[in-house]
Amino acid sequence: MKDFKRETIQLNSEADTRILGLRIAEAAEPGDIIALIGDLGTGKTALTKYIAEGLGVTEEVISPTFTIVKEYRSGRLPLFHFDVYRLGSGEELLDIGAEDYLEDGGVSVIEWADIVADVLPADSLVIRLEYGSGNTRTADIL
Amino acid sequence: MKNGKHLTLGIETSCDETAVSVVADGREILSNIISSQISIHTEFGGVVPEIASRRHLENINDVIEAALREADTTLDEIDLVGVTYGPGLVGALLIGVAAAKAISYAADIPLVGVNHMHGHIAANYLEHHELEPPFMALVVSGGHTNIVNVPDYNRCEKLGGTRDDAAGEAFDKVARVIGLGYPGGPKVDKAAKLGNRNAIDFKRVYLGQGNFDFSFSGLKTQALNYLNTEKQAGREINVNDVAASFQEAIVEVLVDKAVDAALKYKQKRIVMAGGVASNSRLRELIEERAGAHGIEVLRPSPILCTDNGAMIASAAYYAYKAGERSGYDLDAVPALEF
Numbered sequence: 000m001k002d003f004k005r006e007t008i009q010l011n012s013e014a015d016t017r018i019l020g021l022r023i024a025e026a027a028e029p030g031d032i033i034a035l036i037g038d039l040g041t042g043k044t045a046l047t048k049y050i051a052e053g054l055g056v057t058e059e060v061i062s063p064t065f066t067i068v069k070e071y072r073s074g075r076l077p078l079f080h081f082d083v084y085r086l087g088s089g090e091e092l093l094d095i096g097a098e099d100y101l102e103d104g105g106v107s108v109i110e111w112a113d114i115v116a117d118v119l120p121a122d123s124l125v126i127r128l129e130y131g132s133g134n135t136r137t138a139d140i141l
Numbered sequence: 000m001k002n003g004k005h006l007t008l009g010i011e012t013s014c015d016e017t018a019v020s021v022v023a024d025g026r027e028i029l030s031n032i033i034s035s036q037i038s039i040h041t042e043f044g045g046v047v048p049e050i051a052s053r054r055h056l057e058n059i060n061d062v063i064e065a066a067l068r069e070a071d072t073t074l075d076e077i078d079l080v081g082v083t084y085g086p087g088l089v090g091a092l093l094i095g096v097a098a099a100k101a102i103s104y105a106a107d108i109p110l111v112g113v114n115h116m117h118g119h120i121a122a123n124y125l126e127h128h129e130l131e132p133p134f135m136a137l138v139v140s141g142g143h144t145n146i147v148n149v150p151d152y153n154r155c156e157k158l159g160g161t162r163d164d165a166a167g168e169a170f171d172k173v174a175r176v177i178g179l180g181y182p183g184g185p186k187v188d189k190a191a192k193l194g195n196r197n198a199i200d201f202k203r204v205y206l207g208q209g210n211f212d213f214s215f216s217g218l219k220t221q222a223l224n225y226l227n228t229e230k231q232a233g234r235e236i237n238v239n240d241v242a243a244s245f246q247e248a249i250v251e252v253l254v255d256k257a258v259d260a261a262l263k264y265k266q267k268r269i270v271m272a273g274g275v276a277s278n279s280r281l282r283e284l285i286e287e288r289a290g291a292h293g294i295e296v297l298r299p300s301p302i303l304c305t306d307n308g309a310m311i312a313s314a315a316y317y318a319y320k321a322g323e324r325s326g327y328d329l330d331a332v333p334a335l336e337f
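In the order they appear, the protein sequences are chains A and B. Here numbering that gives the first Met the number 0 is used: the first residue of the first sequence is 0, the next is one more, and so on. Here numbering that gives the first Met the number 0 is used: the first residue of the second sequence is 0, the next is one more, and so on.
FYI, nobody ran anything at the bench for these hints, they're computed from the structure. Where a beta carbon is used, it is the ideal one built from N, C-alpha and C, also for glycine. Misleading hints may appear alongside valid ones.
[What the hints assert, rightly or not] List of simulated lysine to aspartate or glutamate pairs, EDC-like, C-alpha gap at most 20 Å:
{"hint": "1", "chain 1": "B", "residue 1": "265", "chain 2": "B", "residue 2": "287"}
{"hint": "2", "chain 1": "B", "residue 1": "230", "chain 2": "A", "residue 2": "13"}
{"hint": "3", "chain 1": "B", "residue 1": "1", "chain 2": "B", "residue 2": "27"}
{"hint": "4", "chain 1": "B", "residue 1": "157", "chain 2": "A", "residue 2": "13"}
{"hint": "5", "chain 1": "B", "residue 1": "157", "chain 2": "A", "residue 2": "59"}
{"hint": "6", "chain 1": "B", "residue 1": "202", "chain 2": "A", "residue 2": "129"}
{"hint": "7", "chain 1": "B", "residue 1": "230", "chain 2": "A", "residue 2": "38"}
{"hint": "8", "chain 1": "B", "residue 1": "189", "chain 2": "B", "residue 2": "151"}
[Stated by the list, open to error] A short list of chain B residues far from chain A (calculated; beta carbon distances all over 12 Å):
{"hint": "9", "residue": "4"}
{"hint": "10", "residue": "29"}
{"hint": "11", "residue": "53"}
{"hint": "12", "residue": "93"}
{"hint": "13", "residue": "140"}
{"hint": "14", "residue": "141"}
{"hint": "15", "residue": "162"}
{"hint": "16", "residue": "167"}
{"hint": "17", "residue": "221"}
{"hint": "18", "residue": "222"}
{"hint": "19", "residue": "333"}
{"hint": "20", "residue": "334"}
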């Protein structure tokens, strides 16, 4: 993705997560893939909600863990929200027909992207979310 | 027709299971075949084996044949084909829809596309032969958490849903963090029986009076923070207490909102559906709190709570009776709403 270089961003509150989400949405172009890595509760779905907000998505963005992918078409660009928590490999992601989404001119956000890293394009925007002290998080743009 | 009864073939391929059933008069299960029961089992450790659409493709014809054989019937006696067309995974849905259309066309049998979520509610008609709308429905599963007003067979009015994680998903994720493994729901249920549900004060998120939406993401984060704090302080974690307290926080909100909805819409019955309907504490508490208002609670047996073809057949039957028909242009709708 354009406009993003390696950096570590301190997220002291949900408001900081929102700023990052809006910034990603503003820079997003058709075909972009945002790969989110981070343990349970580090804010992957929250960041995705704010990317959706920035794209102008009007529907409620809810966790796609059980359906693997949910699509939202009410924004500036289509948003494909993947959660590959239940999958075992990149091959399984391709098995469910993910290419149809990834190549459909939208923005794809993939939670637990480390599981499917082998099939993601090299120009994906990789963000690692980690727990900081207290209720804070850090976002490493890799 | 067979012995004067109307036969519906129900096909369900929205997610993990390839499932086909034959149901008589919308109520009586003649066969209910689920692929995971007949294919060779492999341990996948939390990974879903049946997710790939090509596995549905490999399974579908065998499962249809098995369902007809077990019902001791043939396509000549089938009066209606019902199929899930959404919500679900597009590749998975397409296999069922294509198979249903092919049968409908080749054997000249009417076709009805069914909303998977309506199917979950219809599972109750198979279990409780005297049950008729109106009633309030609480649909809770790994992917869904909904309160739905059901004024008649073919109307489902969604009053609320989750804003982030589904209830079953929250169970699965916490189970993983406290080392209970997959599937999380049944394991949390079991551990919770040995724990103290008042041990940890997890937040009940109600989102305001008269609101029928849910939010379980904050609860998940609170549980993770609790576990981290205890670990850092060097204290031993009582897994059973965490399971019991976490379960109680989810179950109490589900029950209170379902009962509030029933009271608001003056429904005398709450009908449960989806995999989490099997949770023993949910069953206990909803019977207690609904019972206090004279509200009856019904739920299907566990096999009908999971994804199955029989519930699709039942929903299709009642839609068909109301005059609904699908054409050969029926398409999968992955994001289908209630």
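Hint-by-hint comparison with the structure:
A hinted pair counts as satisfied when its Cα atoms are at most 20 Å apart, and residue 265 of chain B with residue 287 of chain B qualifies at roughly 18 Å. Proximity of residue 230 of chain B to residue 13 of chain A is assessed by CA-CA distance (about 25 Å); at most 20 Å being required, the pair is judged violated. A C-alpha spacing of about 13 Å is found between residue 1 of chain B and residue 27 of chain B, which places the hinted pair at or below 20 Å, so the restraint holds. Taking the CA atoms of residue 157 of chain B and residue 13 of chain A, the gap is about 29 Å. The hint is violated against a cut of 20 Å.
Only pairs whose Cα atoms come within 20 Å are accepted, and residue 157 of chain B paired with residue 59 of chain A is accepted, the gap being roughly 14 Å. Among the hinted pairs, residue 202 of chain B with residue 129 of chain A is inconsistent with the structure: their alpha-carbon atoms are about 23 Å apart, more than 20 Å. For the proposed pair residue 230 of chain B and residue 38 of chain A, the alpha carbon gap of about 16 Å is at most 20 Å, so the pair holds. A hinted pair counts as satisfied when its Cα atoms are at most 20 Å apart, and residue 189 of chain B with residue 151 of chain B does not qualify at roughly 36 Å.
Non-interface status of residue 4 of chain B relative to chain A is upheld: no Cβ of that chain comes within 12 Å, the nearest being about 35 Å off. For residue 29 of chain B, the shortest C-beta to C-beta distance to chain A comes to about 30 Å, beyond the 12 Å cut-off, and the non-interface label holds. Separation of residue 53 of chain B from chain A is inadequate, the least Cβ-Cβ distance of about 7 Å not exceeding the 12 Å criterion. Non-interface status of residue 93 of chain B relative to chain A is broken: a Cβ of that chain comes within 12 Å, the nearest being about 9 Å off.
Not every beta carbon of chain A lies more than 12 Å from that of residue 140 of chain B, the smallest distance being close to 8 Å; the non-interface claim is violated. The claim that residue 141 of chain B lies off the interface is violated: its Cβ sits roughly 4 Å from the closest Cβ of chain A, which falls inside the 12 Å cut-off. For residue 162 of chain B, the requirement that its beta carbon stay farther than 12 Å from each beta carbon of chain A is not met, with the minimum near 6 Å. Distance to chain A contradicts residue 167 of chain B as a non-interface residue, since its nearest Cβ pair spans about 7 Å, not more than 12 Å.
With a least beta-carbon separation of about 9 Å from chain A, residue 221 of chain B fails to lie farther than 12 Å from that chain, contradicting its non-interface assignment. For residue 222 of chain B, the non-interface assignment is contradicted: its Cβ lies about 8 Å from the closest Cβ of chain A, within the 12 Å cut-off. Interface exclusion of residue 333 of chain B from chain A breaks down, the closest Cβ pair being 7 Å apart, not more than 12 Å. Not every C-beta of chain A lies more than 12 Å from that of residue 334 of chain B, the closest at about 6 Å, which undercuts listing it as non-interface.
Hint compliance for this structure: hints 2, 4, 6, 8, 11, 12, 13, 14, 15, 16, 17, 18, 19, 20 are broken, all remaining hints hold.
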